[in-house]
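Participant: For reference, the chains in residue letters:
There are 2 protein chains.
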Amino acid sequence: MARNRTLPLERGATIGIMGGGQLGRMLAMAAARLGFRTHIYAPAGDNPAFAVAHAHTEAGFDDEAALKAFAGSCDVITYEWENVPVKACDLIDGICPVRPKPDVLRVSQDRVAEKTYISGLRIPVPDFHPVASLGELGEAVSHIGRPAVLKTRRFGYDGKGQARIKDGTDLAAAFAEIGEQPAILEAFVPFEREVSVIAARDATGTIACFDIAENVHENGILRSSTIPAKLKPRTATQGRHIAATLLDALDYVGVIGVEMFLSVKGGEESLMVNEIAPRVHNSGHWTEAACHVPQFEQHIRAITGWPLGDTRRHSDCVMENLLGDEIEATRGLTGIPGAVVHDYGKSEVRAGRKMGHVTRLKLRK
Amino acid sequence: MARNRTLPLERGATIGIMGGGQLGRMLAMAAARLGFRTHIYAPAGDNPAFAVAHAHTEAGFDDEAALKAFAGSCDVITYEWENVPVKACDLIDGICPVRPKPDVLRVSQDRVAEKTYISGLRIPVPDFHPVASLGELGEAVSHIGRPAVLKTRRFGYDGKGQARIKDGTDLAAAFAEIGEQPAILEAFVPFEREVSVIAARDATGTIACFDIAENVHENGILRSSTIPAKLKPRTATQGRHIAATLLDALDYVGVIGVEMFLSVKGGEESLMVNEIAPRVHNSGHWTEAACHVPQFEQHIRAITGWPLGDTRRHSDCVMENLLGDEIEATRGLTGIPGAVVHDYGKSEVRAGRKMGHVTRLKLRK
Numbered sequence: 001m002a003r004n005r006t007l008p009l010e011r012g013a014t015i016g017i018m019g020g021g022q023l024g025r026m027l028a029m030a031a032a033r034l035g036f037r038t039h040i041y042a043p044a045g046d047n048p049a050f051a052v053a054h055a056h057t058e059a060g061f062d063d064e065a066a067l068k069a070f071a072g073s074c075d076v077i078t079y080e081w082e083n084v085p086v087k088a089c090d091l092i093d094g095i096c097p098v099r100p101k102p103d104v105l106r107v108s109q110d111r112v113a114e115k116t117y118i119s120g121l122r123i124p125v126p127d128f129h130p131v132a133s134l135g136e137l138g139e140a141v142s143h144i145g146r147p148a149v150l151k152t153r154r155f156g157y158d159g160k161g162q163a164r165i166k167d168g169t170d171l172a173a174a175f176a177e178i179g180e181q182p183a184i185l186e187a188f189v190p191f192e193r194e195v196s197v198i199a200a201r202d203a204t205g206t207i208a209c210f211d212i213a214e215n216v217h218e219n220g221i222l223r224s225s226t227i228p229a230k231l232k233p234r235t236a237t238q239g240r241h242i243a244a245t246l247l248d249a250l251d252y253v254g255v256i257g258v259e260m261f262l263s264v265k266g267g268e269e270s271l272m273v274n275e276i277a278p279r280v281h282n283s284g285h286w287t288e289a290a291c292h293v294p295q296f297e298q299h300i301r302a303i304t305g306w307p308l309g310d311t312r313r314h315s316d317c318v319m320e321n322l323l324g325d326e327i328e329a330t331r332g333l334t335g336i337p338g339a340v341v342h343d344y345g346k347s348e349v350r351a352g353r354k355m356g357h358v359t360r361l362k363l364r365k
Numbered sequence: 001m002a003r004n005r006t007l008p009l010e011r012g013a014t015i016g017i018m019g020g021g022q023l024g025r026m027l028a029m030a031a032a033r034l035g036f037r038t039h040i041y042a043p044a045g046d047n048p049a050f051a052v053a054h055a056h057t058e059a060g061f062d063d064e065a066a067l068k069a070f071a072g073s074c075d076v077i078t079y080e081w082e083n084v085p086v087k088a089c090d091l092i093d094g095i096c097p098v099r100p101k102p103d104v105l106r107v108s109q110d111r112v113a114e115k116t117y118i119s120g121l122r123i124p125v126p127d128f129h130p131v132a133s134l135g136e137l138g139e140a141v142s143h144i145g146r147p148a149v150l151k152t153r154r155f156g157y158d159g160k161g162q163a164r165i166k167d168g169t170d171l172a173a174a175f176a177e178i179g180e181q182p183a184i185l186e187a188f189v190p191f192e193r194e195v196s197v198i199a200a201r202d203a204t205g206t207i208a209c210f211d212i213a214e215n216v217h218e219n220g221i222l223r224s225s226t227i228p229a230k231l232k233p234r235t236a237t238q239g240r241h242i243a244a245t246l247l248d249a250l251d252y253v254g255v256i257g258v259e260m261f262l263s264v265k266g267g268e269e270s271l272m273v274n275e276i277a278p279r280v281h282n283s284g285h286w287t288e289a290a291c292h293v294p295q296f297e298q299h300i301r302a303i304t305g306w307p308l309g310d311t312r313r314h315s316d317c318v319m320e321n322l323l324g325d326e327i328e329a330t331r332g333l334t335g336i337p338g339a340v341v342h343d344y345g346k347s348e349v350r351a352g353r354k355m356g357h358v359t360r361l362k363l364r365k
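Protein sequence lines correspond, in order, to chains A and B.
Note that the working numbering has the first sequence beginning at 1, numbered continuously upward.
Note that the working numbering has the second sequence beginning at 1, numbered continuously upward.
These are calculated hints, taken from the structure and not from any lab test.
Where is the CB? At the ideal position from N, CA and C, for every residue including glycine.
Any given hint might turn out to be false.
To be verified - What the simulated footprint calls covered on chain A by chain B, stretch by stretch (three residues with Cβ under 8 angstroms from a Cβ of chain B suffice, anywhere in the stretch; the number is not a length): (1) 7-17; (2) 309-315; (3) 341-349.
Stated by the list, open to error - Facing chain B, a subset of chain A residues (Cβ under 7 angstroms, in silico): (4) 29; (5) 32; (6) 33; (7) 34; (8) 51; (9) 52; (10) 54; (11) 292; (12) 306; (13) 331; (14) 334; (15) 335; (16) 337; (17) 338.
Produce the entire structure from the sequences given, and follow the hints as far as they go.
Facilitator: Quick look at the structure:
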């Protein structure tokens with residue numbers, strides 16, 4: 001079947017999504033509301049996105065035949081998981097456009113490449129040093145000082161693959177803790193707060209940012225996002241400017257999550273980028289409850305060439321993740337006025353697993 | 001598999017939906033957001049609900065084996081179409097609870113039974129008279145007077161199966177126009193405005209009403225709903241009271257749409273019930289854009305025994321239906337700040353067919 005993949009896509013076009021988790025699920029529902037079809041591609045597992053999509057392919061990211069068939073069935077393809085192999089994206093991109101483009105993954109999947117790229121744009125990042133061996137770790141510590149954080153270059157998320165290096169920490173033990181993998185040593189930032197900017201850019205270069213969220217992590221996992229973040233207006237402008245600079249430099253199309261550290265020194269606030277997530281982001285889930293166009297629809301609009309939506313929020317709010325068996329609380333939470341509950345429909349409840357979230361809106365009188 | 005169908009249902013329970021149109025589709029997505037599974041049952045056709053449901057059965061409402069298998073796979077069953085045969089519902093109800101209960105359909109599917117029931121609750125309805133033959137039509141006209149509206153007792157929707165009887169209208173022609181079917185003659189109400197109350201009742205008798213919508217119909221099809229309706233506070237209270245009286249009398253569980261005529265005489269407003277729709281209702285689609293808990297989620301909450309949601313709206317708004325090829329306008333509409341677009345994903349565009357809707361929110365500064 002001949003496909004017309006020029007932007008803007010028409011209603012009824014098929015959006016491919018790589019990854020079958022909750023982000024894919026929420027993207028699929030947003031796409032359906034705009035009249036698009038969806039096709040989810042994900043390896044075998046508990047893939048909650050399958051249940052709300054028009055079609056799905058259960059296959060590995062190394063299955064070239066399956067990838068090609070998938071690409072042939074779609075009009076645009078995106079990903080909900082930042083660790084989709086670049087090789088798979090490159091293969092697909094030759095058949096059907098992948099947005100954001102695979103080059104973005106080349107930057108974001110390697111912490112050293114990411115930090116080098118971002119600092120090259122004169123955007124502040126923590127001091128960092130690559131670490132390939134125990135010897136290099138010693139060298140890195142002498143450059144960066146203590147305390148510092150040792151992180152694997154690849155596949156880190158939700159605090160996994162990280163070790164703190166404090167005064168007295170044995171370097172060999174720390175390197176063993178992260179599996180002696182290629183790593184990065186980052187200076188520990190004595191931040192006041194963590195914030196994030198969820199922003200979108202379309203193919204014509206238009207950029208729209210949601211209001212900045214203030215995030216609390218526990219054991220490396222996001223617990224809550226509060227909107228608006230407590231920031232001086234100037235700092236908020238700086239945050240949006242950082243996101244826009246990144247989006248333009250990456251020639252990015254879609255929604256991005258930019259996590260930042262806020263430091264306060266002598267009453268002066270400053271921001272530093274911690275990491276970028278080239279996809280819809282957990283700290284943007286509140287937009288589903290408090291904005292007219294949620295981040296999921298915004299992403300679909302961006303990659304299909306539809307107009308970006310108004311990002312104003314109608315309410316202040318707090319989004320809390322429901323981890324593991326906290327999901328059993330949803331029924332009770334629905335009884336609270338202004339609580340908007342979202343259960344990802346995952347079958348298996350595991351400790352620490354992201355099962356759902358609740359956004360508590362501050363209702364106006 | 002043994003099923004625990006006592007209320008409240010647990011997350012992961014399966015909700016059966018009879019009918020596969022846009023209402024079923026929006027119910028299925030609302031159910032998914034709360035972590036429920038869905039199983040859609042609908043006869044062959046363009047069933048946009050199938051694409052966002054966990055399972056579907058394509059079979060006729062007279063296929064007893066399919067109905068029984070469907071009922072066996074669900075924990076509660078509801079309908080998105082008011083003309084589902086009562087016989088099918090009764091059969092299913094013996095296996096899996098149907099909510100709202102089939103008795104409600106016995107009332108709502110026959111305009112004479114409906115008007116008789118409602119007026120029996122001392123709720124004002126237009127004068128009416130049953131018509132079984134041309135002879136009875138003459139008799140009815142002499143009771144009711146002209147102008148009047150002749151409607152088939154069954155299967156009327158979106159203005160179908162209706163004939164106006166004015167001065168000079170030939171009765172035989174009017175009776176022929178509606179196919180000489182069993183009918184009802186209703187006095188024409190010189191209403192000022194049409195309004196509707198979308199209300200929910202749960203199994204414990206709790207009732208929650210959304211704000212009253214002011215509706216404009218064209219050729220019997222809803223064009224737009226404006227919220228709030230222009231009503232005196234006392235009239236709005238009367239409207240909510242009428243809905244609550246109906247819900248209690250019917251021992252109703254779920255969301256109902258109650259369409260009313262507003263008349264103004266000597267500055268005094270009064271309401272009269274035109275008809276009831278025992279399901280989520282087109283004039284409640286705005287709740288998806290302007291309320292924290294849309295009517296679709298409210299219905300799912302009611303039938304699963306979950307708490308009813310807060311019905312406050314965060315914005316005034318106007319919902320407009322997109323009929324036929326008006327659906328091609330959605331992309332342009334997404335460019336308007338505060339416009340929330342919904343495309344039902346129907347493949348076939350037919351003149352007058354409900355293809356989607358847009359809710360225009362009045363944004364606060």
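Participant: Please list, smallest to largest, the hint numbers that this structure does not respect.
Facilitator: none
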